[in-house]
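Engineer: Listed here are the chains, written in short residue letters.
There are 2 protein chains.
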Amino acid sequence: MDFEKYLSDKKSIIDKALDRFLPTEESPPVILHKAIRYSTFSGGKRLRPILTLATAELLGKEIEIVLNFACGIELIHTFSLIHDDLPCIDNDDFRRGKPTSHKVFGEAIALLAGDALMVLGFESILKSTENRMVKKQAILKALKEVAYYIGTENMLGGQVEDITVEDERIDGEDLRRIYRKKTAALICVALRGGAILSGADQKQLKALTSYGENIGLAFQITDDIIDILRDQREMKKPTYPYKYGIKESKIEVEKLIKEAKVSLEIFGKKAEFLSNFADYIVSREK
Amino acid sequence: MDFEKYLSDKKSIIDKALDRFLPTEESPPVILHKAIRYSTFSGGKRLRPILTLATAELLGKEIEIVLNFACGIELIHTFSLIHDDLPCIDNDDFRRGKPTSHKVFGEAIALLAGDALMVLGFESILKSTENRMVKKQAILKALKEVAYYIGTENMLGGQVEDITVEDERIDGEDLRRIYRKKTAALICVALRGGAILSGADQKQLKALTSYGENIGLAFQITDDIIDILRDQREMKKPTYPYKYGIKESKIEVEKLIKEAKVSLEIFGKKAEFLSNFADYIVSREK
Chain A
1 MDFEKYLSDK KSIIDKALDR FLPTEESPPV ILHKAIRYST FSGGKRLRPI LTLATAELLG
61 KEIEIVLNFA CGIELIHTFS LIHDDLPCID NDDFRRGKPT SHKVFGEAIA LLAGDALMVL
121 GFESILKSTE NRMVKKQAIL KALKEVAYYI GTENMLGGQV EDITVEDERI DGEDLRRIYR
181 KKTAALICVA LRGGAILSGA DQKQLKALTS YGENIGLAFQ ITDDIIDILR DQREMKKPTY
241 PYKYGIKESK IEVEKLIKEA KVSLEIFGKK AEFLSNFADY IVSREK
Chain B
1 MDFEKYLSDK KSIIDKALDR FLPTEESPPV ILHKAIRYST FSGGKRLRPI LTLATAELLG
61 KEIEIVLNFA CGIELIHTFS LIHDDLPCID NDDFRRGKPT SHKVFGEAIA LLAGDALMVL
121 GFESILKSTE NRMVKKQAIL KALKEVAYYI GTENMLGGQV EDITVEDERI DGEDLRRIYR
181 KKTAALICVA LRGGAILSGA DQKQLKALTS YGENIGLAFQ ITDDIIDILR DQREMKKPTY
241 PYKYGIKESK IEVEKLIKEA KVSLEIFGKK AEFLSNFADY IVSREK
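Heads up: the protein sequence lines correspond to chains A and B, in order. Residue 1 is where the first sequence starts when you use my numbering, and the numbers rise one by one after that. Residue 1 is where the second sequence starts when you use my numbering, and the numbers rise one by one after that.
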């Protein structure tokens with residue numbers, strides 16, 4: 001398979017679907033819709049929704065079945081980035097080389113654009129009802145999964161732990177738990193939602209979840225390694241490479257990617273894309 | 001009917017259901033769950049979820065059918081209050097006589113607690129699937145209504161307009177539009193969601209929506225009158241009584257309440273509670 005072509009084809013499908021779904025910049029309140037579109041179309045690689053589409057194809061389904069869900073995950077991801085960048089949390093002025101939402105639109109609009117993107121995320125998933133091939137029961141289950149994986153026990157809880165953890169006392173187990181919540185959870189639900197809407201069985205769901213947790217952790221550790229190597233950020237909080245060194249962190253990433261691939265074995269050759277994807281997300285440049 | 005008893009009985013049912021639904025303060029992350037419970041149990045009168053329960057009873061259904069939805073609306077309302085109070089928006093230090101979330105927990109936790117309350121709101125509504133009397137189709141429709149009424153065309157859009165409107169140019173039409181979005185929309189969907197889950201027909205839905213819009217507007221104008229009379233706040237932005245005077249504002253409120261009651265006529269005597277409720281919310285003390 002042509003991995004790069006698969007990625008760019010799917011990215012293009014997602015970009016178009018997001019553009020169709022989101023309110024135009026001309027519709028009032030103009031500034032809110034501008035802010036929503038600014039962050040949604042600011043160079044994201046669409047990794048999470050691509051995982052959703054790939055899951056449908058892995059399970060022999062057409063991507064149309066999960067496209068609204070995939071867009072919903074990307075919108076929720078965008079919400080979380082805007083709020084994370086706000087002065088009261090990470091206080092980041094730039095993301096992907098562009099000024100963050102609050103630098104362009106001010107804090108109040110950035111806050112409300114983030115809120116609105118979460119609502120739009122749920123709304124996009126709810127549009128799945130328009131496709132008669134998708135079962136209502138599956139949509140409700142997928143929505144519950146999203147609420148669980150972005151909620152207080154997972155993504156949002158992980159963000160809270162990330163900013164409240166006591167630096168001195170933190171150990172590897174804490175770091176892995178925080179990474180699993182704040183980063184791996186959304187990746188897991190991108191896969192699980194795609195699987196549920198595609199009619200996956202329990203064994204397949206479990207395998208994809210294990211894959212998602214492993215690549216999610218590896219993804220976050222890689223992010224931290226890149227940050228340390230480029231020295232782009234002040235070291236505001238402890239990270240895996242800061243605590244264990246770059247060499248050991250790279251060994252951990254390799255181990256996680258290997259485990260991720262083992263989880264895919266039940267799918268055989270059909271999981272080729274997901275297998276390549278595991279290598280891809282830890283080899284990326286930022 | 002004993003109006004006050006109806007209110008307090010329903011409030012008690014909602015308080016208990018919220019307590020059962022929300023994660024305990026002991027479950028990690030403790031500070032996030034403390035913040036979520038602090039704002040949820042800080043003296044709210046539960047007006048919106050009471051409207052949901054009353055709608056079910058108006059339509060001859062048991063309140064159990066809509067209780068999860070009602071709690072979801074209250075959690076979403078709580079999210080919107082926490083974010084509204086933040087320094088970048090209204091910068092309020094007190095709400096209902098208690099320090100606001102960011103004064104107690106700091107801005108970062110208040111922000112994330114607000115985010116989590118929106119997720120919990122959707123999650124509570126999704127719990128409606130556990131009641132076999134509720135149709136899946138109706139739950140999905142109710143969820144779509146929530147996304148629409150709190151989204152960029154309604155509640156969140158109204159908040160944006162509220163902070164970006166040019167004070168000099170604003171006219172009565174602008175103010176009514178902003179009030180309809182930022183205040184009436186959530187009241188409307190509290191009624192509409194209750195109605196949809198109770199199997200209302202189009203005529204009933206339309207009547208309840210008109211009732212909700214009218215009491216929502218009246219509620220917001222009354223709020224502004226109270227603020228001016230008590231002189232509690234600096235006049236940060238134009239309001240109805242500020243622009244038209246207290247006398248004309250009170251006449252407008254009376255007109256809106258009258259229209260709200262006209263909308264209820266199709267329900268006959270069964271709408272007694274909602275009719276009394278219209279008088280109640282404009283007579284309240286803050």
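To be clear, the hints were calculated from the coordinates, so they are not data collected in a lab. Check before you lean on any hint, since a few could be wrong.
Put simply, identical chains are the same to the list, so a pair is met inside one copy or across any two.
Stated by the list, open to error - Calculated pairs, BS3-like style, for lysine-lysine (alpha carbon to alpha carbon, straight line, at most 30 Å):
(1) Lys5 x Lys136
(2) Lys61 x Lys141
(3) Lys61 x Lys135
(4) Lys135 x Lys34
(5) Lys127 x Lys203
(6) Lys247 x Lys144
(7) Lys261 x Lys98
(8) Lys144 x Lys5
(9) Lys270 x Lys98
Engineer: Each hint should be assessed against the structure and marked as holding or not.
Structural biologist: Against the structure, the hints:
1. Lys5 x Lys136: neither (33 Å within a copy, 39 Å between copies)
2. Lys61 x Lys141: both (18 Å within a copy, 26 Å between copies)
3. Lys61 x Lys135: The answer is both: 13 Å in one copy and 27 Å across copies each meet 30 Å.
4. Lys135 x Lys34: neither (34 Å within a copy, 37 Å between copies)
5. Lys127 x Lys203: Intra 28 Å, inter 25 Å, cutoff 30 Å: intra and inter.
6. Lys247 x Lys144: neither (39 Å within a copy, 49 Å between copies)
7. Lys261 x Lys98: Cα proximity of Lys261 and Lys98: none, with 34 Å in one copy and 53 Å across.
8. Lys144 x Lys5: Neither, since 33 Å and 35 Å both go past 30 Å.
9. Lys270 x Lys98: neither (37 Å within a copy, 58 Å between copies)
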